Structure formats: C-alpha cells, structure tokens
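Novice: Take the sequences, apply the hints, and build the full model.
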Amino acid sequence: MSTKRLDQLKAMLKESPHDAFLLFALAKEYEKLGEPETALRYYLHLEEHEPGYVGTYYHLGKLYEQAGEADLAWQTYEKGMEIARRAGDQHALGELAAAKMALE
249 MSTKRLDQLK AMLKESPHDA FLLFALAKEY EKLGEPETAL RYYLHLEEHE PGYVGTYYHL
309 GKLYEQAGEA DLAWQTYEKG MEIARRAGDQ HALGELAAAK MALE
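Numbering (the working numbering), first residue to last: 249 to 352.
The hints are simulated quantities; they were obtained by calculation from the structure and are not laboratory data.
Because the structure is a prediction, the values reported are computed rather than measured.
Hints are supplied without guarantee of correctness; some may be wrong.
[Said to hold, decoys possible] Straight-line Cα separation of at most 25 Å, DSS-like style, residue types lysine-lysine; simulated pairs:
1) K280 x K258
2) K252 x K262
3) K327 x K258
4) K262 x K280
5) K310 x K276
6) K310 x K327
7) K276 x K258
8) K348 x K258
9) K252 x K276
10) K276 x K327
Specialist: This is the structure we're talking about:
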C-alpha cells in the first residue's frame, strides 16, 4: 500500500470516523503491509463499535489463526455466524462456517 493511499483513507476516516467500510479498508490495507497488530486494532474497533459489520469476523478470525490463536479464531467465527444469520447474509454465513470447520 502506498503512503498516499493510507493518507487518503485516514483523511476520509477523519471526516467519517464511524464509517465501518473505511475502518475495514484500513484494516485490510494494514494486513497487506504486513502490520497485523495495527490491522487487529481496526478489526477489534469494528467488532466493538460496529458489531453488525459481518465482514469483520472472517478477517479477524483469519488474523487470529495466523497468530496461532485458534480458540479466539473459533469464537470469532462463531460470533460472526450468529450475526450473519440474523442479517440473512448466507454468503458470509457459509464462509464463516467453512473457516470454523477448517479449525475443527
């Protein structure tokens, strides 16, 4: 990710600090940069402040897996599955279920 892209996302976030998509985009960009700790902070912020943003749970779970935190990953997938069910998001539900099954 270029510094320009990061600066653009951060500037947009200053204008819309609660925009779940921008928070998610920053988390993904930090993952691409190889900064999982920073990505984790953004995902955890989303989980706490925008719990209905279903995409968070798959990517947060994968980050936990990469960190060797299988229990946290499993719990995250489980939580995401419940939120996806409530939202009627069958695609996300399927992805989360597959990720969870891969851990079992």
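Novice: State for each hint whether it applies.
Specialist: A quick look at each hint next to the structure:
Proposed proximity of K280 and K258 is supported: the alpha carbons are some 16 Å apart, at most 25 Å. Distance restraint check for K252 and K262: the Cα-Cα separation of roughly 15 Å lies within the 25 Å cut-off, and the hinted pair is therefore satisfied. Only pairs whose Cα atoms come within 25 Å are accepted, and K327 paired with K258 is rejected, the gap being roughly 28 Å. Restraint check: the Cα-Cα separation between K262 and K280 comes to about 22 Å, which is no more than 25 Å; the hinted pair holds.
For the suggested pair K310 and K276, the alpha carbons sit about 12 Å apart, so the restraint of at most 25 Å is met. Between K310 and K327, the direct Cα distance comes to roughly 14 Å. Compliance with the 25 Å bound is thereby established for this hinted pair. Note on K276 and K258: the hinted pairing holds, with a Cα-Cα distance of about 13 Å set against a maximum of 25 Å. Restraint check for K348 and K258: not satisfied, since their Cα atoms lie roughly 32 Å apart, outside the 25 Å limit.
Taken as a hint, the K252 and K276 pair is honoured in the structure, with Cα atoms around 16 Å apart against an allowance of 25 Å. For the hint pairing K276 with K327, the CA-to-CA distance comes to about 20 Å; that is within 25 Å, so the pair holds.
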